[in-house]
Amino acid sequence: MNKAKTYPWYFAAGALLIYTVFSVIPGLIGIGYAFTDWSAYSNELHFVGLENFATVFSGKSDYLHYISNTLLFTLITTVSKTVLGLLFAVALSEGIKFKNFHRGVMYLPSVLPILVTGLTFTSILNPKVGFLNSFLRAIGLDFLAQKWLVDPKIAFGSVMAVDIWRGVGYIMTMLIVGILAIPRVYYEAVAVDGANAWQRFRYVTLPMLRQTLAVTIVLNVIYGLKVFDMVYALTNGGPGHRTEVMYTAVFKMMSKGLYAEGTTISSIMFIFMAVIGYFMVKILTKDEVVE
Amino acid sequence: MLKKCLAGVIACTAAIAMTATAFAADTTITLMASQDWVKDAEMELGKKFEEETGIHVDYQIVPADQYQDLLLTRLNSGEGPDIFGTQSGFAIDTTYNVKENAVDLSNEEWADAYSVFSKEQTSVDGVNYGLTYFDTTTDYYIIYNKKLFEAAGITEVPTTFEAFEAACDALLESGVTPIYEPVADGWHQTMLWTGNAQVLDKLDPGIIDKLNKNETTFAENENMKTMLEQLNDLAQKGYFGDNYMSDEFASAEGYMASGEFAMCELKPGAIASIVASDMNTEGYTEDDFGMFLLPLLDNQYLNVHPCGPSRFIYSGSKNIDAAKQYLAYIVSKDSVQYLIDNEPTIENLPIEVGQTPAYSETTKAFLDSFDDEHSGMVLQDVVTYFNEQWMDISANIAAMFIGDMTAEEVLQAIDEGRAQLAAAAGDEAWQ
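Chains S and E are the protein sequences, given in the same order. Last residue of the first sequence: number 291 in the working numbering, and the count goes up by one each step with no gaps. Last residue of the second sequence: number 431 in the working numbering, and the count goes up by one each step with no gaps.
In short, the hints are calculated from the structure, not lab data. Every residue gets a Cβ at the ideal spot worked out from N, C-alpha and C, and that includes glycine. Take these hints with a grain of salt, some might be off.
No farther apart than 30 Å at their CA atoms in a straight line, the calculated lysine-lysine pairs in the DSSO-like style are these [as the list claims (entries may be wrong)]:
hint : chain 1 : residue 1 : chain 2 : residue 2
1    : S       : Lys128    : E       : Lys237
2    : E       : Lys225    : S       : Lys153
3    : S       : Lys128    : E       : Lys318
4    : E       : Lys213    : E       : Lys99
5    : E       : Lys146    : S       : Lys128
Just so you have them, the derived chain S footprint on chain E, three or more residues with Cβ under 8 Å [claimed, not checked]:
hint : region
6    : 86-99
7    : 243-252
8    : 298-311
9    : 388-399
10   : 402-414
One side only, chain S facing chain E, incomplete, derived with CB under 10 Å [to be verified]:
hint : residue
11   : Asn126
12   : Asp142
13   : Trp148
14   : Phe156
15   : Gly237
16   : Ser255
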């Protein structure tokens, strides 16, 4: 690397300062509050040690259920968005008419505010008067009409499906950019060797997309772990507590004035996400060439 | 030069003064409330208020299942609306901390006209912080369709749980869904229980006092458990229909008018709305509807509920005077009468300004059939650290309906929630 072309460290000092003051320090203070009994009901603050953490992991409350829901949401949506996003990206990269139009249509859901999407789908998925069931009944597919958001067996699946629908266009767009950045000479070279479409994808596109895929996967995982608004707008954690995730629990704790419990869960999630994010980037970019 | 400077200063002062005047004329106050707490007639009053004062009222209506979370988040982050709505009762102190979050309204002009019972529920330490703007002169009762009952061969309103289930079976057989139960809003299902729990104190005198002194728990009480199991029974036997988990309160009157459902826990004033509904294709009249108590645990004690959606002025508001002006406007005699005359679900308000209430003969006869001995306050008005958990309890009851929790677990969760809130509040009874 040409050191003459690198910028001095203090060029980043301003950004680092702002990031530290508004993000790192409040985050650390938040972690500190997790060891207290901070609440809206008392002006006094006492150190309670690991009491709040013990409550979260005691199994008495439903936190373990919320943790497993959060992990399931993360796994399913990350895999689905990545696979579908990749399929659409490959399909819409070349050789298709009106590809910009198709790309726009696919990308559109991700620019809508999540709450708007959630509220719209609450109406669409209403079992009695919603558009989806009305449509299915109109074309004679009554047996497919479901209680999408209130049947405990399928409610969480419906929430994940809406989230995948919303997020896949964004991932597709990132991957299209990655695909278009692959030098054409590689494709020309394998074409000379007689490679078919699958082999071009398997031996050129996929390896060359590795870094872009790493970024999209990390983004999806982090998004999944901190999902809140989509669940909040669609089911608010219901029916019962079937679709409750960690951040809907945090929101409910904070809004009940139980700040210490809320910051405890946030702190656990923060540490978990930082560790997961670090190792994922390490693993996904382990063969990266360093100049 | 001096003249120019002076002219500049005068011009600036004039501009600032004009701007200030413009702000005064264009003041907007925000009023945040849960769904169904602000009636259309009140919004009309808001328009008249704006015409007379130039103060615009921005009504921010939030879905019921999200309201408490959102309001508390805004209050706790110091971003409260000018006027916020919340249920009166213990929670205004323990949850909403009105001593810090709301303005003292004890000396407002309307204070003397305000019902003493309602004032007690909006006061903390003798200071009144709120105004209950809801018909708390009646509560929610089972409103039933007499014609559908007759068609199903039910000749008398049920007064025991056994008779109630028999009536539901008869209705089901006649092709009618017995009860419209809007679980989707996340609050109504709890009221079915607590609004009929007056019987608990009659069966076990002193139970409420013991609960408040932490000398007993909900989970220990067999009557509580039986009540919840009976409630669950109604769901499991199909009396709520197929879609109760997604049914909404806003549609209750329409579905009652359609004749698809025979009963719903509603305020008496809802009868007029049912009859006036576009979905009333059967031509039902007000005489076709009556009311009775849901006999969970054979309860026959009238539910009295002075607590209700109330208005509080946020202490951090920049428009406190304008907000006070708005409250004074909506409790004037003309405004109260306008609301009663134009909002079928409001038959009266807990404020006496010379208005004429709109109680129907059915409502009068029903209320008169209970004396003080056969009346009692609803559970959420008498038990501490309960109303604060309302949405959690509702979610847990919904979880019980879908088989994720038992009645005992719902009660244990209430006890845990009470202990958590009491500990946070430093309540000595829980130390």
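The hints, checked one at a time:
A hinted pair counts as satisfied when its Cα atoms are at most 30 Å apart, and lysine 128 of chain S with lysine 237 of chain E qualifies at roughly 20 Å. A distance of roughly 27 Å separates the Cα atoms of lysine 225 of chain E and lysine 153 of chain S; the hinted pair therefore holds under the 30 Å criterion. For the suggested pair lysine 128 of chain S and lysine 318 of chain E, the alpha carbons sit about 45 Å apart, so the restraint of at most 30 Å is broken. Annotation: proposed proximity of lysine 213 of chain E to lysine 99 of chain E holds, straight-line Cα distance about 23 Å (limit 30 Å).
Taken as a hint, the lysine 146 of chain E and lysine 128 of chain S pair is honoured in the structure, with Cα atoms around 26 Å apart against an allowance of 30 Å. With 3 residues bearing a CB less than 8 Å from a CB of chain S, the region 86-99 of chain E meets the requirement of three and the coverage assertion stands. Residues of the region 243-252 of chain E lying with their CB closer than 8 Å to a CB of chain S number 4, which satisfies the three-residue condition for coverage. Counting residues of the region 298-311 of chain E whose C-beta lies closer than 8 Å to any C-beta of chain S gives 0; at least three are required, and the coverage claim is violated.
Beta-carbon proximity to chain S at under 8 Å applies to 6 residues in the region 388-399 of chain E; the threshold of 3 is reached and the given coverage holds. With a cut-off of 8 Å between beta carbons, the region 402-414 of chain E has 4 residues touching chain S; three or more are needed, and the interface restraint holds. With 10 Å as the threshold, the beta carbon of asparagine 126 of chain S comes within range of chain E, its nearest partner Cβ sitting at about 6 Å, so the hint holds. Interface hint status for aspartate 142 of chain S: violated, as the beta-carbon distance to the closest one in chain E is roughly 13 Å, over 10 Å.
Of the supplied interface hints, the one on tryptophan 148 of chain S holds, with its beta-carbon coming within about 9 Å of a beta-carbon of chain E, less than 10 Å. For the restraint placing phenylalanine 156 of chain S at the interface with chain E, the shortest Cβ-Cβ distance is roughly 13 Å, beyond the 10 Å limit, so the hint is violated. Taking 10 Å as the C-beta cut-off, the interface hint given for glycine 237 of chain S holds, the closest approach to chain E being about 7 Å. The criterion of a C-beta within 10 Å of any C-beta in chain E is met by serine 255 of chain S, whose closest approach is roughly 4 Å, and the hint holds.
Hints 3, 8, 12, 14 from the list above are not met by this structure, while the remaining hints are.
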